[in-house]
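A.B. asks: Protein chains in written order, with the numbering used here: chain Z, 1 to 341; chain S, 1 to 335.
Just so you know, the hints here were simulated from the structure itself, not pulled from any lab data.
Think of the CB as a built atom: it goes at the ideal place given N, C-alpha and C, for glycine as much as any other residue.
What follows is a list of derived Cβ distance ranges for each label pair:
#: 1; chain 1: S; residue 1: Q325; chain 2: Z; residue 2: V313; range: 52 to 60 Å
#: 2; chain 1: S; residue 1: D95; chain 2: Z; residue 2: R219; range: 30 to 38 Å
#: 3; chain 1: Z; residue 1: D341; chain 2: S; residue 2: V332; range: 18 to 26 Å
#: 4; chain 1: S; residue 1: V332; chain 2: Z; residue 2: G172; range: 28 to 36 Å
#: 5; chain 1: S; residue 1: D95; chain 2: Z; residue 2: H136; range: 32 to 40 Å
Incomplete in silico selection of chain S near chain Z, CB under 10 Å:
#: 6; residue: Q158
#: 7; residue: M183
#: 8; residue: I184
#: 9; residue: R189
#: 10; residue: S194
#: 11; residue: D213
#: 12; residue: V214
#: 13; residue: A217
#: 14; residue: L256
#: 15; residue: A258
#: 16; residue: M259
#: 17; residue: P260
#: 18; residue: I274
Read off the chains here:
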Amino acid sequence: MGSVAVEPAQASALDRDVACRVRGLTVTYKVDNRELSALRDVDLDIRQGQITAVIGESGSGKSTLALALMNAVSKPGRIAAGKVTYRDLGEVTAMDSERLRRARGRSLSMVFQASQNSLNPLTRVGAQLLDLARSHDMRDPRAVLREAAALAERMSLDADRVLTSYQHQLSGGMRQRVGIIFGLVLKPQVLLLDEPTTALDVLSQSSVLEIVRSIQRERQLTTVLITHDMGVVAELADRVVVLYAGRVVEEAPTTELIRHPRHPYTRALIQAIPRLTGDPSLARPLEGQPPSLAAIPTTGCVFRGRCPHRMEVCETSTPGISQVSDTDHRYACHWEGAAND
Amino acid sequence: MIEVRAIEKVYRGGGGLLSQRAVKALRGVSLTLKDGEAISLIGESGCGKTTLGRIIAGLETYSQGELVFDGTPLSQVPPGDRPQWFHRVQLVQQDPYGALNPARTLGNALVDPLKLQAKHLGKDATWTRERARELLNLVGLDPEATLYKYPHNLSGGQRQRFVVARALTVDPKVLVADEAVSMIDVSLRLGILSLLSDLRVRLGISVIFITHDVAAARYVARDGVICVIYRGEIVEYGRTDDIIRSPVHPYTQALLSAMPVLRGLEKPGPDRFIPSQDLDTQAQDEAGCLFRSRCRFATERCGREHPNLVALDGGERLHACFYPQARDVVPVPVG
Numbered sequence: 001m002g003s004v005a006v007e008p009a010q011a012s013a014l015d016r017d018v019a020c021r022v023r024g025l026t027v028t029y030k031v032d033n034r035e036l037s038a039l040r041d042v043d044l045d046i047r048q049g050q051i052t053a054v055i056g057e058s059g060s061g062k063s064t065l066a067l068a069l070m071n072a073v074s075k076p077g078r079i080a081a082g083k084v085t086y087r088d089l090g091e092v093t094a095m096d097s098e099r100l101r102r103a104r105g106r107s108l109s110m111v112f113q114a115s116q117n118s119l120n121p122l123t124r125v126g127a128q129l130l131d132l133a134r135s136h137d138m139r140d141p142r143a144v145l146r147e148a149a150a151l152a153e154r155m156s157l158d159a160d161r162v163l164t165s166y167q168h169q170l171s172g173g174m175r176q177r178v179g180i181i182f183g184l185v186l187k188p189q190v191l192l193l194d195e196p197t198t199a200l201d202v203l204s205q206s207s208v209l210e211i212v213r214s215i216q217r218e219r220q221l222t223t224v225l226i227t228h229d230m231g232v233v234a235e236l237a238d239r240v241v242v243l244y245a246g247r248v249v250e251e252a253p254t255t256e257l258i259r260h261p262r263h264p265y266t267r268a269l270i271q272a273i274p275r276l277t278g279d280p281s282l283a284r285p286l287e288g289q290p291p292s293l294a295a296i297p298t299t300g301c302v303f304r305g306r307c308p309h310r311m312e313v314c315e316t317s318t319p320g321i322s323q324v325s326d327t328d329h330r331y332a333c334h335w336e337g338a339a340n341d
Numbered sequence: 001m002i003e004v005r006a007i008e009k010v011y012r013g014g015g016g017l018l019s020q021r022a023v024k025a026l027r028g029v030s031l032t033l034k035d036g037e038a039i040s041l042i043g044e045s046g047c048g049k050t051t052l053g054r055i056i057a058g059l060e061t062y063s064q065g066e067l068v069f070d071g072t073p074l075s076q077v078p079p080g081d082r083p084q085w086f087h088r089v090q091l092v093q094q095d096p097y098g099a100l101n102p103a104r105t106l107g108n109a110l111v112d113p114l115k116l117q118a119k120h121l122g123k124d125a126t127w128t129r130e131r132a133r134e135l136l137n138l139v140g141l142d143p144e145a146t147l148y149k150y151p152h153n154l155s156g157g158q159r160q161r162f163v164v165a166r167a168l169t170v171d172p173k174v175l176v177a178d179e180a181v182s183m184i185d186v187s188l189r190l191g192i193l194s195l196l197s198d199l200r201v202r203l204g205i206s207v208i209f210i211t212h213d214v215a216a217a218r219y220v221a222r223d224g225v226i227c228v229i230y231r232g233e234i235v236e237y238g239r240t241d242d243i244i245r246s247p248v249h250p251y252t253q254a255l256l257s258a259m260p261v262l263r264g265l266e267k268p269g270p271d272r273f274i275p276s277q278d279l280d281t282q283a284q285d286e287a288g289c290l291f292r293s294r295c296r297f298a299t300e301r302c303g304r305e306h307p308n309l310v311a312l313d314g315g316e317r318l319h320a321c322f323y324p325q326a327r328d329v330v331p332v333p334v335g
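Isolated chain Z (complex conformation) (with noise of 0.2 Å):
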């Protein structure tokens, strides 16, 4: 299959399978009196009623784009450039704070990594959902509270356990399901998922992955799944976009960027999984470590210094996007083998 160069889409009102696009947005850290990019022009679709994942490594800036499309980017941290632009709320890297409060937890909601450390330690489960629904203005607390339950039902917990319950009474498991719950209980048009099943053994994952699964099915929920680990992805998204140190460096249909990968970067994270099939020693190890923040190259490549395809240009120039032809997969790389499978 061929490749050809593409040039970056339009800001235009939304299409309608898109729910949110991201255009150029940079964000950056002030360290020491130096703005560092976490994130560098990142441009992105994602689509209505679809589970989109933004799969990377720590320190990739997958965490500070979750809290950039809910615009809550905090100091040293601030958006330095770009739009985040929902279909049902408008552009929200524009909004006042009351008006972000407003849409956070009820048009748009996060499920953090590790939900023990969200929840309050000091009140039960329940109270804390009172307080969510007071928050927001509900008319009728009690409404959040029996959803709540019926939420609970549906992940196979006992939803009267759970309410009474404090955090510590719960396992981790049910904590994230909890976590879940929080998540779903306004009924927001978008979730975001940050490493929902990082902390957790693979029974609790597999059962946390069907739950986000069928919720997701059945409210035809737009979902972004932050995560590290490509066995999530494979699981669940329909869309993966691979970020490395603050950029998208490939992104494609979820089976399609797993059968063929295309960037160097994601050849290499889909041969270091061990898996159960094959033969074990064919598995490669990732060589070297992302850069950190302050190294992070602002010219050519920035993968460049694990790549095993390196050459000149990658140092002077930033590779542009280039799409295989008829169809949504894109990667942004200088090879030419990339344009092969």
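Following the hints, put chain S in place on chain Z, whose structure we already have.
C.D. replies: Okay, now just chain S, sitting in the frame of chain Z:
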């Protein structure tokens, strides 16, 4: 060679003085680990695998049974000699952030145990310095770039490598790696797993790898054995390839089924199923099979009788199920 003989561990707790509830973390576990062999202990959180690892490393006592090292039972070792005895087993913990003192340089953290070792072996300070460099090279860290740094200067993967180097200072014969990669990015995990395999081959040490991730367990023990633990009991045991290819215990099948399928490269195995119910650590009923409440194949007999660990077809494979049946739950590669 390490032998674990019918080890039981009971934690007392809860309730008042008279109604003390006992929690059985291990219910008579027996294992043998030969020199240079790799074994992966798999099971979910709370199954007792960590307790077993800590007992083998001498960090936890046991209530019943016996731990035997090269033919000497622990009970015959005078308490004063036990620290030395346990030097042969080193534990690498899950959290490389918590395992290092943030206020001391990595050089100090590595040189201190080496000094003791030098005294023990009658070596001088030059040996200590050289040995520190040698160990760092062995785990894939650059000595010059590491020795004068503090733990916070290293990434998670580098820290875990450093913790392995420190474990090697006392020339152990066994490394117990407890969830040693679960806090590290997936992209860097394979590097640590292959380091453990390399060390086993190059230094001839045995590795006990404790995990809930069956793919990682397979990678480390690819020419060794897998031991599946459920609520403090071994429920299946065998050569790694056999366990992965044809698991016979429904719990092993549940663990394998729960592994993500890399759609595009793999499709789900024909018999794959998703276990829904959580491990209930409060459940105290002892009669019958401990897994039956979560088992989709349980019968009336499973509630009455307790299945013991028995050989499958008279071979070296062991299982604890009345109805051992191989099922294809592992993903199948696609063309």
